[in-house]
Structures are given as structure tokens and as C-alpha cells.
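Colleague: So the chains spell out like this:
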Amino acid sequence: MKKSILVCIIFAFLGLLIPAPASASGTLTFFANGEELITEGFLPPKQTKDGWTLTFDHAFVALSHITAYQTDPPYDPHSGQPLSTKEKVVLDGVYVVDLARGSDQILPVFVGEAADAPTGHYNAISWRVVADKGGILSGYSMLLIGKAEKDGQKIQFQIRTAEEATYTCGEFVGDERKGFLREGEAANLEMTFHFDHVFGRADKEADDPMNTGAVGFAPFADGAKVHEITLQGMHIGHAGEGHCAVQWH
Amino acid sequence: MIKSIFFPAFYLACYLFGAVNVYAHGVVAGYTEVPGIKIAAQYDNGSPLAGGEITVFAADKPTTPWRRSTLDDQGEFVFVPDHSIVGTWSVQVRQSGHGTMIHIPIIEGEVGPQEDAPSGALTPLQKGVIAVCVVWGSIGTALFFSRRKHEKHTAL
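Protein chains in written order, with this note's numbering: chain A, 182 to 430; chain B, -1 to 154.
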């Protein structure tokens, strides 16, 4: 009798060693996108609001605290309410990406991926633009390197900022809906940067809210090689075409 | 009248004219109950999203457009959803690189919104508690039978 009880106990313990069935998961991939205005440039008729043609050799930006959320109700960045998070996936580390590396064929730049992300609809994303201590940025959070041209005047420029900000966005708005992760499959999310909020657009009305908030390129056309820029007030972080809440640090 | 819309009309008014942060060239949208659902979209400065694209996604196929159309000169669009498809419908409006997404809960008849169902997957804490219970139960059962047998032998 004692032996049979002992056998029962052993089997009970062995049962505990059998791994529980894994929860449904897939791979969540994060991209950054400077859109055609960075990969192709501010080309006619989409010059800057003050008429400069810009092309970019590099558009470095340092990203951290990259987090995807499943929220219910869906997060509305205009509401001022916090995220109501059911599930979240964090991409650890600091990622320095060159937004100019994209092409017209493959616009978004790969940032990183999270394997074994729980399935569901990731309908919100947040990230922080941070000053990277080392590397190409050496203390700055963003660095734009390129060429500008207007009325025969040609300028090589470097524009940089050390400002840090957290962008919190709702669902991606674009040609397709993103973030639906099914078991064993992959889904992607995008951190989008709208640089027309910085330089404005000549093909928009001068009193367009985007143009009135943008600085244009003239402040950087004085011949100095390196300029600093203040981005506060210019909401460049988006989820596709959807706006984000911004917290400056 | 469609009974399956939760948010009252004042939500739209608050959303569009008051309780929102102002973003440069952002898009805000809302909906009201009319014979059908009326979507109204405008920029932060109050100008309508005239001629903007609108895409409606039904609750059962959230990645496949149920309808695509264009906003009118007032930035508005009216549609009648298929009420046999219950759940959260999503509506995306876009124009000139700016847009937003709103979500409309559609229910059938008087059925209210469903509570969040508990997840089928167990948390680590739940798994731990279950494991402890199984072990404790096994040991307790073994000790119980062991004690009874021991008492029998003693009685004999």
C-alpha cells in the first residue's frame, strides 16, 4: 500500500514537470519611417515652405522605450486620458536608425522585433526619442545631414537636437490596418516621422496649420555647417497618419 | 432609429469643440445617431475634412474594408451598418497625410456591451497556486491513507 501511495506522489510531481501549454504568441516587428520627404527629399513641388529643395544623406534618430500596447478602449491621443492597457510588449534598448536608409520600395526602416509576443490587436504604440550618449549622435537625439538648394544657392547642412520626447500614439492610420498578431504569425507596427512639420511644404497654403507651425529651412541657410533646432511645438511623431500625444522631457 | 449606438451626440460636440488637446493639423472625428451613423471629421482648426477618404471596417473583418467612400464638403459621411455584425466597428478618415480612427460599438437589439472575458491563458501566479494545491493535496492524501493503515496495524 505504501508503495502505491509513493508511486502516486511521484506521478503527481512528474505531472507538474510537464510544461503548461504556451499561450498563443507571434512575432511583433517594429519599423521607423521618415516617409518620402526624407528618403526622396523635399523635391518640387514639395519643397520646404520657403522654397528650398532638400535631400538627405542621413536622418539619424535614437529611439528607446519602444512599447506596443493592446488597449481597450482604443487609445485616443487627443483625449488626454492614459492608456488602458490589456497587454504590452516592450522592445528593450536604444536603437539608432537612419530614416534616410529607406527607399521608395521599402520605406520603413527595421528597428527590432519581439518574438513570443501575445496575440491580439496592438492598437497603440509609444516610444521615446532620446539623446544617445555615444556613436554618431554623441549626445544628440536627432541628426539630419543633407543638401539644400534654392535659386542656384547650394548648401550642405547638419541639423541636430538633443531634445527628448515621448510619443504615445493610437492605432496606425494608413493604407492598411496594422498590429493584428495571430498565433505563429507576424505583425508590424510603425513609428512615423513627419518632417513637413519641421520644414513646411510649398505645395500647401501658407496659412495651413502645418506651415504656420513649421520653421522652414531659412534659419539654417546662413552658411554655418551645424545648426541646432528646437522641435517643441512641432509634432513630428505619428503612427502612420495618426497624431500622437507628446511629452517633452 | 438605430438603438445600437452608445455615445450620445454631445460626445461629438465635446470632442470637436472642447475637451481635446490642440495638435498642429491633427484630425478629429466623431459620430452621431441619425437614420444610420453620421461621421463628422475636421482638422484641429475647425475646417472640415472635405473630400477626405473614409474607410469603414466591420467588426467581423477588422482588416478588410467594409466600405470605402469620400467625405462630403462638410467632412461628413452617413452609413447604415449591418446590424447582424455585432462588435466594434472602426472608421478611418484621412486626407493629405493626416487622419484618425474612431471606433463604434454595434450591438443587436438591447443587448449590452459584453464584459471583458477572462483570458484563457493562466498567469504564472495562477500556475504556481495550482501546482502548490496539487502537491499539498497529494501529500495530504498520502498521509491520510498512511495514518489509517498505521492505526489498523496498531489496533491489531
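Since the hints were made in silico from the structure, they are not lab data.
It cannot be assumed that every hint is accurate.
[As the list claims (entries may be wrong)] So these bits of chain A aren't anywhere near chain B, every CB distance computed over 12 angstroms:
1. G232
2. G327
3. K331
4. V354
5. M391
[As the list claims (entries may be wrong)] Covered stretches of chain A, as calculated for chain B (at least 3 residues, CB under 8 angstroms):
6. 356 to 370
7. 418 to 427
[Said to hold, decoys possible] Computed far set for chain A versus chain B, every beta-carbon distance over 12 angstroms:
8. G207
9. L218
10. P254
11. P255
12. P258
13. H259
14. V277
15. R282
16. G293
17. I317
18. K328
19. E345
20. G351
21. F353
22. A405
23. H430
None of these values were measured; they are calculated from a predicted model.
Every residue, glycine too, gets a C-beta built ideally from N, C-alpha and C.
Colleague: Confirm or reject: G207/A is not an interface residue toward chain B, with every Cβ-Cβ distance exceeding 12 angstroms.
Modeller: holds (14 angstroms)
Colleague: Is the nearest CB of chain B more than 12 angstroms from the CB of A405/A?
Modeller: holds (27 angstroms)
Colleague: When you look at the beta carbon of K328/A, is every beta carbon of chain B farther off than 12 angstroms?
Modeller: The assertion about K328/A holds, with a minimum of 24 angstroms to chain B.
Colleague: Does the claim that P255/A lies outside the interface with chain B hold up, using a Cβ gap greater than 12 angstroms?
Modeller: violated (5 angstroms)
Colleague: Quick check for students: does the CB of F353/A sit more than 12 angstroms from each CB in chain B?
Modeller: violated (9 angstroms)
Colleague: With a Cβ-Cβ cutoff of 8 angstroms, does the segment 418 to 427 of chain A contain at least three residues near chain B?
Modeller: holds (count 5)
Colleague: Taking C-beta pairs only, is V354/A more than 12 angstroms away from all of chain B?
Modeller: V354/A not clear of chain B: closest Cβ-Cβ about 4 angstroms, inside 12 angstroms.
Colleague: Does the claim that H430/A lies off the interface hold, with its Cβ farther than 12 angstroms from every Cβ of chain B?
Modeller: holds (18 angstroms)
Colleague: Run the C-beta distances from P258/A to all of chain B and say if the shortest one exceeds 12 angstroms.
Modeller: Check fails; 8 angstroms does not lie beyond 12 angstroms.
Colleague: Taking the shortest Cβ-to-Cβ distance between L218/A and chain B, state whether it exceeds 12 angstroms.
Modeller: violated (10 angstroms)
Colleague: Would you assess whether G327/A, listed as outside the interface, keeps its beta-carbon beyond 12 angstroms of every beta-carbon in chain B?
Modeller: At roughly 21 angstroms from the nearest Cβ of chain B, G327/A sits farther out than 12 angstroms, so the non-interface label holds.
Colleague: Would you check whether the claim that E345/A is not at the interface survives, using Cβ distances to chain B and the 12 angstroms cut-off?
Modeller: holds (19 angstroms)
In this structure, the earlier hints numbered 4, 5, 9, 10, 11, 12, 13, 20 and 21 are contradicted, and the remaining ones agree with it.
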